[in-house]
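Visitor: Next come the chains, spelled out residue by residue.
2 protein chains.
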Amino acid sequence: MLETAETGRKVSKAYYHRALPALRAALLEAQAQLFAQQRRPVVVLISGEDGAGKRETIHALYEWMDPRFLRTVALDDPTQEERERPPMWRYWRTLPPKGHIGIFSGSWYSDPIRLRMAGHISQKRFEAQAQRIERFETMLVQEGAIVLKLWIHLGKDAQRRRLHALEADPRTAWRVTPWHWERLKTYDKLQHVASHLLALTHKPHAPWVVVDGEDEHYRALQVARVLLDALGAPMPRKQQRRPAPKPPVAGPVPKSAPGLAQLAEHAGPALTQRRYKAELALYQGRLSELARHHQLRKRSIVLALEGPDAAGKGGAIRRITQALDARQFQIIPVAAPTDEEQAQPYLWRFWRNLPRWGHWRVFDRSWYGRVLVERVEGLCSPADWERAYGEINDFEGELVAARVIVVKFWLQISQDEQLRRFRAREQTAFKRFKITREDWRNRAKWQAYQGAITEMVERTSTSKVPWDLIEANDKDGARLEILRRLCQRLEQALALS
Amino acid sequence: MLETAETGRKVSKAYYHRALPALRAALLEAQAQLFAQQRRPVVVLISGEDGAGKRETIHALYEWMDPRFLRTVALDDPTQEERERPPMWRYWRTLPPKGHIGIFSGSWYSDPIRLRMAGHISQKRFEAQAQRIERFETMLVQEGAIVLKLWIHLGKDAQRRRLHALEADPRTAWRVTPWHWERLKTYDKLQHVASHLLALTHKPHAPWVVVDGEDEHYRALQVARVLLDALGAPMPRKQQRRPAPKPPVAGPVPKSAPGLAQLAEHAGPALTQRRYKAELALYQGRLSELARHHQLRKRSIVLALEGPDAAGKGGAIRRITQALDARQFQIIPVAAPTDEEQAQPYLWRFWRNLPRWGHWRVFDRSWYGRVLVERVEGLCSPADWERAYGEINDFEGELVAARVIVVKFWLQISQDEQLRRFRAREQTAFKRFKITREDWRNRAKWQAYQGAITEMVERTSTSKVPWDLIEANDKDGARLEILRRLCQRLEQALALS
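First to last, the sequence lines map onto chains A and B.
Taking the numbering used here, the leading residue of the first sequence gets 89, the next gets one more, and so forth.
Taking the numbering used here, the leading residue of the second sequence gets 89, the next gets one more, and so forth.
Bear in mind the hints are in silico, worked out from the structure with no lab data behind them.
Wrong hints could be hidden among the right ones.
Over the 12 Å line for every Cβ pair with chain A, so calculated as not near, a few chain B residues [said to hold, decoys possible]:
#1 VAL235
#2 ALA287
#3 ARG529
#4 ALA536
#5 PRO554
Restraint ranges, calculated between C-beta atoms of paired labels, are given here [what the hints assert, rightly or not]:
#6 ARG444(B) x THR360(A): 54 to 64 Å
#7 HIS105(A) x ARG444(B): 29 to 39 Å
#8 ARG127(B) x ARG572(A): 38 to 48 Å
The beta-carbon is built from N, C-alpha and C at its ideal position, and this holds for glycine as well.
All chains, full assembly: derive it from the sequences and hints.
Guide: Here is the structure:
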């Protein structure tokens, strides 16, 4: 695939200098529009063989455009803070916000290529990574990003000529080391691996553009043109993008998930306070011990609690965190996104809150907001919440693959029980602030929410991160059940059960 | 000082349980107000001797309050990302936003105490650190934060009794190690060092409260009461807080600073294009070489460019970054703060943008906005911009102390020259977006700005980070001068000149 780019095409210096000014003006204009509208981020990947002109290309982009709204991300070895999160975390944390252009020198392609070349991952795993990348980029595009992937290509002969030329000149000979000649030996392997990866991830909405790097003027003009085209690309049209429902990617839906309606109606005998306290102490003790398990020094835990207003999420979270050391956990109450979060893809605000090893993050409401409140309230388009199921499954899949322990609870209460709790809250001075007009408004959409909840549970209960559905009309019983299941999930994850 | 807290006061369990509910309700109410108003962050430091009940106190806070708006910061050894920034960076990045309560278990006091006890820093340095802390906390309070510093105290005898009691019980004996008995030997030293530090940093607006930790019920009630008092503290009144101008803390004002008015009027003979290009290449080459200096692998560089609209900041920045590798630098255009930035102290958005080792951050406008645009446009109170001079000097002082290279340029143009440039921009298609109604409005306040600029230069030109004043009516000359001075500053910092 790559060698087809070796067109040998050159342009004269004179032609270059004639053609460039108009291109530069157009690029600057397009960039100014991009920034003024603040609607789309631009992700530009600069890849290619050694010496093909990657650095020069980045340099040229800075020459041509307003450098204040460009940022180059060049990631070396992951830092410890990065190593303690899933591999994609470092890219999420460096994504450009809307209106800005992020240039990635080295990207999510670097690791698969390097690992496959060294034989550290199988072909199958390599292809699975390609699929993950493809889904990640599709997500970026559907979130409004412009994704442009450049491979600056230098043929093997050109590469060899380049090294010889450098060696021949006493001023540049020092730049050629034995390592460079070694790299030339792996040139064919790189071609093989990279070509395959490029083919797998070349999509109309996130295309690879291979640019012949040998002639610097040709290369520069090509890059400028390709970038200008990309900046002018229309926003994806939401209406057309509603895909057919797909099964979740990370595994099949467990057949045993009970219906939500039955869940709320079922109620066992109420617990005595004495029995509740005894069992609470028991489970909290067990959880406290599990939380000190040596494996957790190198793993982290993400909990999500979802449920209707007044379902008891806050109370359940308190019973969990009581068993933990406050230095270990943080509760993330999920409400409206900040403006920095709105300038990023939907999942960004959850990625940014992933814990380090040994730490817990407890989400009081979570990334499921898009398929619940945003869907029901019409805060996003149908296409947006439709694709969210797959994106959420991917997100949780990446967490699990990085050995993060993920547990998610749905607390179900009946409509009558919710009404009782709303009324009770209004009676209690220090709980009154918890009940707002919005709560009553949400309540009016109960049926719409039930439909959304059912679809959510069906489409995001994966074998690795199943929903734990909790009958929550009985508050005490629900708290115990949550603690019990949480302990179970931890024991499973730690391979203790 | 600390032993005066050994009151031996106890409260009965019965009294405790009678007194607590009202306190808890009041705390919850105060916290709800805090969150609803979103006006003030709360910083609570929990310090004290081993076993005095720090952990239990944090646990109690979580019991009493809404844990969703609490976060505990417990910092161990700095991570590499933290080590590559000034020591306070890790605290800045964990400050709670407005409406939230941040509990610091270990804080900016930990290092001075530890280092002084070990004799690694002199008494003088220790006291200088105390002063820095005091100024930092004053800044927090003046930015609206409630700062509460708790020292949970356990007397030496009580400490000894505690260890013996733990040892005597087979279930807890394992918790006492030889290390604990060793620590007891340094008890008196800790008392000495901590008492001194507490005395130095005990201020009415950020008081230390020493709580006798021996009786758990007494301790808990005291903490609850103190916190409740703190949450009810009135906002500092801006009007009363205008301090008398003080000399900048980091050094004297250089006497040789030329007047700004003269600066803009002075103009040498214009450069020929040929000479400009030759000199530009010369300085860029020198800068490029300096940027690769081995020392910079463990140091970082912060540049700030300030000046009136159309003074040529952007053009100068381009000439600088042309000499750098795009993977090394990022330009930070400073405009209106985001809402996350508004929920933090003013300097937070500059702290968050400090570079790692080997990296440059070029600020296109900077932390001087407060004493320029915010002052002139009345975007902050006079008290706010008054205190900003000292805070800015402290900020730059901390950077320099951490071996960050800081260079700041003021580009001065005359009013006539600005008018010419505005008109020219309006004529050029791709520059038209750079000129807005606001630019014209700012221009009308030229005189007010000149006063603010003069005061800024006088009060923030410190011996370590002097202003580099640039005559910028001649664009090319200004660019060369900036490059020349930047090279000089780097050579000074790298001790090459």
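Visitor: If a hint holds in the structure, say so; if it does not, say that too.
Guide: Verification of the supplied hints:
Listed as outside the interface, VAL235(B) is consistent with that label: its C-beta sits roughly 19 Å from the nearest C-beta of chain A, beyond the 12 Å cut-off. ALA287(B), annotated as away from the interface, keeps every beta carbon of chain A farther than 12 Å; the closest lies near 28 Å. With a closest Cβ-Cβ approach of about 19 Å to chain A, ARG529(B) is found to remain outside the 12 Å limit, as its non-interface label requires. The Cβ of ALA536(B) sits about 26 Å from the closest Cβ of chain A, beyond the 12 Å cut-off, so the non-interface label holds.
The beta carbon of PRO554(B) sits about 25 Å from the closest Cβ of chain A, which is more than 12 Å, so the claim that it is off the interface holds. Between ARG444(B) and THR360(A) the Cβ separation comes to about 58 Å, which falls inside the hinted range of 54 to 64 Å. Checked against the hint of 29 to 39 Å, the pair HIS105(A) and ARG444(B) passes, with Cβ atoms roughly 38 Å apart. The supplied range of 38 to 48 Å is met by ARG127(B) and ARG572(A), whose beta-carbon atoms lie about 41 Å from each other.
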